[in-house]
Amino acid sequence: MNAVPLSWYLTLSAVLFALGVAGFLFRRNIITVFMSIELMLNAVNLSFIAFSYQLKQVSGHILAFFVMVVAAAEAAVGLAIILTVFKNRATLNIDDINSMKN
Amino acid sequence: MEFIVISLIKAAVVLAVLLTTLAYLQWVERKVIAHIQVRPGPYRVGPHGLLQPLADVIKLITKEDLMPPHASKLLFVAAPFISVTTALISISVIPFGPAITVAGHRTWMQLTDLSMGVLFVLAVSSMGVYGIALAGWASNNKYALLGGLRSSAQMISYELPQSLAIASPLLLSNTLSLRELVESQSATGSVLSWNILHGPFPQIFSFVIFLISAFAETNRIPFDLPEAENELVAGFHTEYSSMKFASFFMAEYANMITVSAMAVLLFLGGWVAPWPAAYGSGLVPTLLFAAAGVIALSHGLRPARRRDRYSLPVFGIVFLAIAVLFLLPVVQGWLLPLFWFLAKTGALLFTFIWVRGTLPRFRYDQLMGFAWKFLFPIAVVNLLVTGLLVAWFS
Amino acid sequence: MDGILFLIFAVVAVLCGINVVVQTHPISSAISLIGVMGSLAVLYLLLGAEFLAVAQVIVYAGAVMVLFVFVIMLLNAGAEARKGRSFMVQLLGVPLLVALLGLLAYFVQRLFPQTVLVQFGKFTGGGAREVGRALFTTYLLPFEVTSVLILIAILGAIVLARKELE
Amino acid sequence: MLLWLIPAIPLLGFLINGIFGRRLPKNLVTAIAVGSVFLSLGWVLMKVLPGLAELRGAYTEHYFTWIASGNLQVGVNFTVDRLTAVWLLIVTGIGFLIHVYSIGYMAHEGGYYRFFAYMNLFMFFMLVLVLAGNYLLMFVGWEGVGLCSYLLIGFYFDKQFATNAGNKAFIVNRIGDFGFSLAVFLMFRQFGSLDFATVFGQASAAPEWALNTIGLLLLVGACGKSAQIPLYVWLPDAMAGPTPVSALIHAATMVTAGVYMTARSWPIYSHAPMAMETIAVVGIATAFLAATIGLLQNDIKKVFAYSTVSQLGYMFVGIGCGAFSAGVYHVMTHAFFKALLFLGSGSVIHALSGEQDLRNMGGLRRHIPVTFWTMMCAAVAIAGVPPFSGFFSKDAILLAAHQRAPWIYWVGIVTAGMTAFYVFRAMFLAFFGSYRGHHHPHESPAVMTVPLAILAVLSLGGGFIPIPELLESVFPRFVEVHDTALMAVSVTAGVVGIALAYLMYIARPASADALAGRFKGLYTLVYNKYFVDEVYDAVVVKPVVNGSRVVLWKGMDAGLIDGSVNGLGNRVRGVGSILRLIQSGNIRSYATWVLFGSVLVIVAMGIAGGAR
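Line by line, the protein sequences are chains Y, L, B and G.
Residue numbers 1 to 102, in the numbering used here, belong to the letters of the first sequence in order.
Residue numbers 103 to 496, in the numbering used here, belong to the letters of the second sequence in order.
Residue numbers 497 to 662, in the numbering used here, belong to the letters of the third sequence in order.
Residue numbers 663 to 1274, in the numbering used here, belong to the letters of the fourth sequence in order.
Rather than coming from a laboratory, the hints here were simulated on the basis of the structure.
Each hint should be verified, as a subset may be incorrect.
Claimed, not checked - Below, in silico cross-link-like pairs of lysine-lysine (DSSO-like), each with a Cα-Cα straight-line distance of 27 angstroms or less:
(1) Y/K87 <-> B/K618
(2) L/K112 <-> L/K165
(3) L/K175 <-> L/K165
(4) G/K821 <-> G/K1191
(5) Y/K87 <-> L/K244
(6) G/K688 <-> G/K821
As the list claims (entries may be wrong) - Partner residues aside, some chain B positions facing chain L, computed with beta carbon under 8 angstroms:
(7) I523
(8) F547
(9) V550
(10) V553
(11) G558
(12) A559
(13) M569
(14) A595
(15) L596
(16) L599
(17) A601
(18) Y602
(19) E626
What the hints assert, rightly or not - Ranges between beta-carbon positions, derived for each pair:
(20) B/G652 <-> G/A730: 31 to 39 angstroms
(21) G/T727 <-> B/L636: 51 to 59 angstroms
(22) G/R684 <-> B/G652: 20 to 28 angstroms
(23) G/L677 <-> B/V507: 52 to 60 angstroms
(24) L/V310 <-> B/R658: 29 to 37 angstroms
(25) B/K618 <-> L/W377: 44 to 52 angstroms
(26) G/I681 <-> B/G652: 49 to 57 angstroms
(27) L/I160 <-> B/V507: 53 to 61 angstroms
All figures in this text were calculated on a predicted structure; none of them were measured in a lab.
Just so you know, even glycine gets a beta-carbon here, dropped at the ideal spot from N, CA and C.
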């Protein structure tokens, strides 16, 4: 049990990604949906780092790093949008938010 | 195998010392505050109230453990746990002194050294906010919720200037390992090679910024808005009692210790003496403890209270014994660095208490404005200047 | 040792991941997500990505998720209501999800034979020094562009947040 | 030589003034705007001018590759040869003087910073146009100056006529630009490159039809920008902009861009005789026609506007007759005296608080002497009185024309006489006789009169700048025969024009009206500019608008398309009501579709061999 195949990491990544997709599809709370996106991003990051290990290169880390940075920016803007939506419509249910206009 | 045993021993020693320190830090705080306010402070339990922490522990353990109705039970229980765990974890990477040899085994006075030590401490301390935020959330109490909200906003905000202030000395030392950080500051063995005074750009500004942010990160006065009693009853721990309440307290003191130790490692040269031993820095602890012993003895001769007739001479003799201990060449090698490290950390901890006894509390908008509009820009400029100068001179 | 660590944290990650999806209360989902991120950080360490592991904790768990928890607390978001329905999701959601997972797993198994093993310490190019060097030489332009992106995100967040004050 | 600095400094000025100008104090705006142009001028004087003597070929600086697509390689290259150098000096020099002048002229106008920002932007684009090392980059400058011209004509955008004039200029220029871009396409097809060096190197080997087509298409572009028949109609209307704009853009620099472009393309034209012929004919026709219209205009700026069109015609005659250097020579002298005439008329307008009608002026000689004397210098220069600048350049062109085709020469002579007549008519109406207006004229401040004085000196002495000799190494040799008799004829034409103007407007002021009464039909025709605008309106604009309305909108759109679509739509609606479920507005449904798509993509990749 000293080492595991790389494909296990990738499979884990796929599982987490699928869980993220499932969250996106089946959850109705907009914040949870947003968190599902973060989960998908994390899953992809794991793949990047696994690939980086396989290729013995640092570029996968850089990509994952950029994903993190973009996710942080996205969280800032996205949560601000959620706040505004909540202020305007008093709901967090994603099924109620189905038109661009008020 | 030997590694595991040594590590376990070290962990046990550190944990025991740390927990005792936590308890007694509160005693020190009460004493210092009392003396600032010209009161004697805890006095009745044991000589000079020295057994007061013990009594407090017994009281807290035996108190009724309340669970507010409609609270989120799991999170309510988990929150103090998270707080105290994240507070204690960072201690594991902090080096207290150089490598020593005990009974033929050479080891560092540090639980473990990470190549990312500084970032590790940052990461762990950034997790600490969950304890408070979740405590506020899970209590199902509006004061607690407000306290939790305030503290998460405050801690996120002050994390920025703190991180930036940490980054500047790292540029000088060019390492992220805490051990190498200290080694890089021991070049001349004097105060001039500490990062706070080291060229090309002395990190005085970032030291001050770090210290101010540290007050906010540990929710200490003047930044203790999350538990401002005249606005929020007791803030995030309004609903907590018994050992859960004590956990938050322990977390606060443990955080203080961590932050002070970090400041010492980053800016004040860790366990390095302020001037080389060749000029007699090794005699400082002896003289200090000897003076303390003599003072205690002389007070014991003319006691103000009856029981001091016995306690003060005992203290005096203990102090003198410690003074002699520092003269023994066998232990000097590890005792002196340890002394300097603890002395510096202790001085910073005293500053924490001192400030608490002196300054009033900020208003909340001022607090946030101060972080974003004043501290953050200054930290950025400081980092830029440091970076430029380091690049210029290297 | 590596294998055991991997299994422990993979299981933790998957369990927390499932919890993210099945919990109805957003704050429980958030806590579970932090769990996923924490275990992923450990897996990063196993893969030799020291810097990314710490960055994962600082950025994701320490900043992004705090923001999430903060917003959940601020909006006092309760458990979600079971109303609103999407025909599409009910009809196609599960089959598609299974198909996606199956395809991904199939291709991973097919493309990455079991011979490539992950051993801790085999790859040490993921320290702060190496990442920093790559970031500030080869990837300097993307890095600078990202900083602009963040600046814009800050501005956007401020503008959005300010609007609600009025 | 860091050529990029020359356009970059005004661009910086534009950015600062354009972004922050509203908040900056007026003095700072002025300092940035004028200072940037001054730095540009200084850079030209320091770096380009000293090396001019040694500069035989072209000096190129390559900055970066702008477009690399297939075999199309377009770099951002700046090139300097002697032709460019002359233009750089004109653009930055005159530009600087006019910027200085504008400080005084625009002092009391709203949108001060906006004006200077646009002016700086114009300087940037004009310098890019001149410095460009390939046709595409030149086109960038070309379009840019068009944009700035549009912005500045419509500077008083709260006035209907100004915005209309701006639109007119923009739309008419589009026609020209269309020709230019077709020429560029054809050039790329023919030569596989857009670099001047490559194109000109292969020009002699190309088939003549291609060169003729390219030349004619370029001429269309030049006609638009340089206001030649049939696209000249925008320039007189462009006088709606502030006067410094008329002087800088619509007299001295931008409108001569067409001349620059054709002169720059001489290797193409020298192998395209048909295109050359066309240029000459278009030029002389424009010169003559515009001069006749100029005879009867009452708006002082309109007179000079038509004069500009006419003089531009002269330049094209020079180019068309193969005397490229003479054309360029005339560009320079024209820049001096026409900028001066415009700035002077601006000073007059300024003095009369906005009055532009010549009939409401008169006797201003005593009120605004500096303006009068400086404008007089320009007038004698444009009239071709020796030894002032206009004489030399005009004469060079006319001599070349005589060599090519004598009829062009004679038409040119008549035009020269008319030129002298209308310029002095304007001068006499404005400055002599008795004052007929109501305002109290006052002399302009020194910041306006000093540029006037400098330009006056240049107008008088500019003929002694040896442009033809300087450009000898650039253009093919054109042997000019110095014919004293021909020279005398042209001088006589000028003097006769002046004398006639004196006779009709000073000696016997009533005679002009009498003459107009006698030739009433002709008078009305010319006074209304040959009804060209009306004809264009009837022949081009109305049909296009009506055609769009009747055929495209009512017929095609409403009838055919809408009809068929509505019919189809009714069918589709049934289907759509099912498909509409996709567009539910429900994010989770959309997400399901995305998931569906990604599964398909993965399957497709697997089938396509992604799985090895």
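Against the structure, the hints come out as follows:
no.: 1; hint: Y/K87 <-> B/K618; result: violated (52 angstroms)
no.: 2; hint: L/K112 <-> L/K165; result: violated (33 angstroms)
no.: 3; hint: L/K175 <-> L/K165; result: holds (19 angstroms)
no.: 4; hint: G/K821 <-> G/K1191; result: holds (23 angstroms)
no.: 5; hint: Y/K87 <-> L/K244; result: holds (20 angstroms)
no.: 6; hint: G/K688 <-> G/K821; result: holds (24 angstroms)
no.: 7; hint: I523; result: holds (6 angstroms)
no.: 8; hint: F547; result: holds (7 angstroms)
no.: 9; hint: V550; result: holds (4 angstroms)
no.: 10; hint: V553; result: holds (4 angstroms)
no.: 11; hint: G558; result: holds (3 angstroms)
no.: 12; hint: A559; result: holds (7 angstroms)
no.: 13; hint: M569; result: holds (5 angstroms)
no.: 14; hint: A595; result: violated (35 angstroms)
no.: 15; hint: L596; result: violated (32 angstroms)
no.: 16; hint: L599; result: violated (35 angstroms)
no.: 17; hint: A601; result: violated (32 angstroms)
no.: 18; hint: Y602; result: violated (36 angstroms)
no.: 19; hint: E626; result: violated (11 angstroms)
no.: 20; hint: B/G652 <-> G/A730: 31 to 39 angstroms; result: holds (34 angstroms)
no.: 21; hint: G/T727 <-> B/L636: 51 to 59 angstroms; result: violated (20 angstroms)
no.: 22; hint: G/R684 <-> B/G652: 20 to 28 angstroms; result: holds (24 angstroms)
no.: 23; hint: G/L677 <-> B/V507: 52 to 60 angstroms; result: holds (58 angstroms)
no.: 24; hint: L/V310 <-> B/R658: 29 to 37 angstroms; result: holds (31 angstroms)
no.: 25; hint: B/K618 <-> L/W377: 44 to 52 angstroms; result: holds (46 angstroms)
no.: 26; hint: G/I681 <-> B/G652: 49 to 57 angstroms; result: violated (20 angstroms)
no.: 27; hint: L/I160 <-> B/V507: 53 to 61 angstroms; result: violated (41 angstroms)
Going through the hint list in order, the structure does not satisfy hints 1, 2, 14, 15, 16, 17, 18, 19, 21, 26 and 27.
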